[in-house]
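Visitor: Let's have the full structure, built from the sequences with the hints guiding it.
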Amino acid sequence: MNENKRIGEPILRADNLHVSYGKIAALKGVSFEVHKGEVVAILGANGAGKTTTLNALTGVLPIKSGSVQFQGKSLVNVPTNRITAMGVVHVPEGRHIFPDLTVEENLRVAAYLYESKNKPLLQERKEQVFDLFPRLKERIHQPGGTLSGGEQQMLAIGRALVTGSELLLLDEPSMGIAPKLVAEIFQTITKIAKNGQTIMLVEQNAVMAMKIAHYCYVLETGCVTYEGTSEYIQANERIAQAYLG
Amino acid sequence: MSIIVQQLINFLQLGSIYALTAISFSMVYGIAGLVNFAHGSVFGVSMYVLFFVSTLLFQVMESTWLVYVIALTASCVVTSLVALLIEQIAYRPLRKAPKVTVVVSSVGVGMVLQYLILNTAGSKALRMPKLIPDIKFALLGVNIPLFKILIILIAIVTMILLNLIVKKTRLGTAMRAVSQDTIAAGFMGIATSRVISASFVFGAVLAAIAGSLYGTAYSIFAYNVGEQIIWWSFIAAVLGGIGSIRGAVLGGFIISAISILAPMVLPVSSYKDIVAFAVMILVLLIKPTGLLGKKVNEKI
Numbered sequence: 003m004n005e006n007k008r009i010g011e012p013i014l015r016a017d018n019l020h021v022s023y024g025k026i027a028a029l030k031g032v033s034f035e036v037h038k039g040e041v042v043a044i045l046g047a048n049g050a051g052k053t054t055t056l057n058a059l060t061g062v063l064p065i066k067s068g069s070v071q072f073q074g075k076s077l078v079n080v081p082t083n084r085i086t087a088m089g090v091v092h093v094p095e096g097r098h099i100f101p102d103l104t105v106e107e108n109l110r111v112a113a114y115l116y117e118s119k120n121k122p123l124l125q126e127r128k129e130q131v132f133d134l135f136p137r138l139k140e141r142i143h144q145p146g147g148t149l150s151g152g153e154q155q156m157l158a159i160g161r162a163l164v165t166g167s168e169l170l171l172l173d174e175p176s177m178g179i180a181p182k183l184v185a186e187i188f189q190t191i192t193k194i195a196k197n198g199q200t201i202m203l204v205e206q207n208a209v210m211a212m213k214i215a216h217y218c219y220v221l222e223t224g225c226v227t228y229e230g231t232s233e234y235i236q237a238n239e240r241i242a243q244a245y246l247g
Numbered sequence: 178m179s180i181i182v183q184q185l186i187n188f189l190q191l192g193s194i195y196a197l198t199a200i201s202f203s204m205v206y207g208i209a210g211l212v213n214f215a216h217g218s219v220f221g222v223s224m225y226v227l228f229f230v231s232t233l234l235f236q237v238m239e240s241t242w243l244v245y246v247i248a249l250t251a252s253c254v255v256t257s258l259v260a261l262l263i264e265q266i267a268y269r270p271l272r273k274a275p276k277v278t279v280v281v282s283s284v285g286v287g288m289v290l291q292y293l294i295l296n297t298a299g300s301k302a303l304r305m306p307k308l309i310p311d312i313k314f315a316l317l318g319v320n321i322p323l324f325k326i327l328i329i330l331i332a333i334v335t336m337i338l339l340n341l342i343v344k345k346t347r348l349g350t351a352m353r354a355v356s357q358d359t360i361a362a363g364f365m366g367i368a369t370s371r372v373i374s375a376s377f378v379f380g381a382v383l384a385a386i387a388g389s390l391y392g393t394a395y396s397i398f399a400y401n402v403g404e405q406i407i408w409w410s411f412i413a414a415v416l417g418g419i420g421s422i423r424g425a426v427l428g429g430f431i432i433s434a435i436s437i438l439a440p441m442v443l444p445v446s447s448y449k450d451i452v453a454f455a456v457m458i459l460v461l462l463i464k465p466t467g468l469l470g471k472k473v474n475e476k477i
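Read top to bottom, the protein sequences are chains A and B.
Mind the numbering: the first sequence is residues 3 to 247 in the numbering used here, read in order.
Mind the numbering: the second sequence is residues 178 to 477 in the numbering used here, read in order.
The hints are simulated quantities; they were obtained by calculation from the structure and are not laboratory data.
Watch out, some of these pointers could steer you wrong.
Listed next, the in silico PhoX-like pairs over lysine-lysine satisfying Cα-Cα at most 25 Å (straight line) [to be verified]: (1) A:121 to B:345; (2) B:471 to B:345; (3) A:119 to B:345; (4) B:471 to B:273; (5) A:139 to A:38; (6) B:449 to B:464; (7) A:119 to B:344; (8) A:30 to A:75; (9) B:345 to A:139; (10) B:273 to A:25; (11) B:449 to B:325; (12) B:449 to A:139; (13) A:38 to A:75; (14) A:121 to B:344; (15) A:25 to B:345; (16) B:464 to A:66.
This structure is a prediction, so every number in the text was calculated from the model and none was measured.
Guide: Written out as C-alpha cells, the structure is:
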C-alpha cells in the first residue's frame, strides 16, 4: 500500500489536538501533517470537526491541549493576526469579505502587514490575483458586498494570497456558490497549488476535493478515522461508502 | 432678517458641536461594537483639563491662540490616556461577556469618573477662559462674533480630516475592516485589539476638540457637563444611524435644528427634549437602523 506516500517536507504538524465548545468535545485528539507543496484535504460529514480544526489552527478557537508546530514554531495561544504574519492564512467558511470595502480596498487590507514598507509588493500580488481572477479586476471599485457568492469566494482567496500566505487554509470554498463557478474556483485552486502554494482544504464535497488533493484525512466526530493519498481513499470502498457518499 | 441670520449661525454652531460629539460617541461603537456610556465623563475630563491648563497659561502669556493650541493639546493627551485606561479596565476584560454586562460596566466607570471630577474640582460651576479673541464683525447687517464662525470652521475641518484618515490611511482602512468583520480583520494580520484601542483614542480626541468648542460657545460648565452632552449626542448618533460617521453628522444637525426651532413654537422651551426624543422614536419606528445606518449582521 502506498497510503502514506507524501511529497515535500512537513511544514505543519498538529499533534493530539483537543478542542471543546464548553463541555462538549469537538476535537478529541486529532493529529495531522501538511507537507510543503501539498494540497491536503480534510473530509467528513457535517459536524465532524473540519471547520473546528481550521479555527483551532488560526487561534479563532482556543486549543485545550495538544501541539501545533508551523515551521518549527508553536501556534498554540498565538493571536490570529500573528499567525497570519507567520504565513498561515485562513479563508473562512462563508467568505467573510468586508462588505463595505471595495474589491481593491479588500485587497489592500490584506497587505496591512507590509504595505507601509513595501508598496510595490502589494501591486505585484494584486496583479497576480487579477491574473487568477480576471472577474475581480472588472469589479475593482465595487463594494465587496455587491459581488455574487462565487466572486466573493474569489476575493476571499485573492485576499489571502495578497497577505503572502505560505499555507493557505480553505474552508468549504464550494459552499453556497453556483455550480458553474464551483468548477472555476476549483480550477483556480489547482492552478495556485501548481504554482507551489501549500493548501489545506476543508470540503464536504469529497469527490471534488479528492480530485485536487494529494493527501486526505477523514474526520468523524472529532477523530481522524482514515488517512491516505486521494487514490488510496478513493480505492478503499469501505471509507467511500461510510463517509463520502 | 437679522434674527434669521443669527439663528442660522446658532444652528450651525450647535449642530457642529453635536455632530462632533456624536461622531466621538459613535466611533467606539462603530469599531468595537460597544456603547460607551463612560464617554460623557471623558468629555467632562476634557473640559476640566482645558479649563485648568488655559487658566494657568493665561497667567504667563497673552496670545489666546497659543493658549488654545497648548491647552487643547494637553486636553487631547489626557483624555486619550483616560479613554485607554477605561478600555483596559472596563472593556477589555469583558470582550467575550454579554453586551448588557459591558453597558453596565460603561455606566459604572462613567459614574466613577464623574465623581472623581466632582471630588477634585468641586461642584461649583466654572467659566471657561476666552480661548478665541472676542472680535465681532458685521455680516448681512448682523454683528457676528468671530468665535461662532471659528467653531463651525474647526468642526468642519476636523470632520474632513477624520474622513480622510478613515478613507485613505492604513490605520483608517484597518479600522473599517475591524468594524465590518473583526474575525476576518484578524485573518488579514490586523492586530484587532490595537485598532479598537485606537478607536478609543480617536473618540477621546474628538471629544476634547468638541469640548473646547462647547466651552468657547457656552463658557459655563460644571462637573456633570458630560452627562447632558452625551445624551444629546447619543440621540443624534442613534437618530443618524449609530456607528456611521455621516449619520452622526446628520443626527447632530437635526438635534440642533430641534433645539433652536422648538422653543420658538412651543410654550415651554424645555419641551424641546420631548420633541427630540419623539423624533428619534419616530425615525426608529420607520427605520430601526437610524437614518443612515446599515443593517449589521450579528457577529459570531
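Visitor: Indicate, hint by hint, whether the structure satisfies it.
Guide: Structure-based check of each hint:
1. A:121 to B:345: 14 Å, holds
2. B:471 to B:345: Satisfied, since the Cα-Cα distance of roughly 21 Å is no more than 25 Å.
3. A:119 to B:345: 17 Å, holds
4. B:471 to B:273: 24 Å, holds
5. A:139 to A:38: 30 Å, violated
6. B:449 to B:464: Satisfied, since the Cα-Cα distance of roughly 22 Å is no more than 25 Å.
7. A:119 to B:344: 20 Å, holds
8. A:30 to A:75: Judged against 25 Å, a Cα distance of about 23 Å means the pair holds.
9. B:345 to A:139: Since the Cα atoms of residue 345 (chain B) and residue 139 (chain A) sit roughly 20 Å apart, the hinted pair holds (cutoff 25 Å).
10. B:273 to A:25: Measuring from Cα to Cα gives roughly 17 Å; hence the hint holds.
11. B:449 to B:325: 23 Å, holds
12. B:449 to A:139: With a Cα-Cα distance of about 52 Å, the restraint between residue 449 (chain B) and residue 139 (chain A) is violated, given a limit of 25 Å.
13. A:38 to A:75: 15 Å, holds
14. A:121 to B:344: Holds - the C-alpha atoms of residue 344 (chain B) and residue 121 (chain A) are around 18 Å apart, at most 25 Å.
15. A:25 to B:345: 45 Å, violated
16. B:464 to A:66: 44 Å, violated
Violated hints for the displayed structure, listed by number in ascending order: 5, 12, 15 and 16.
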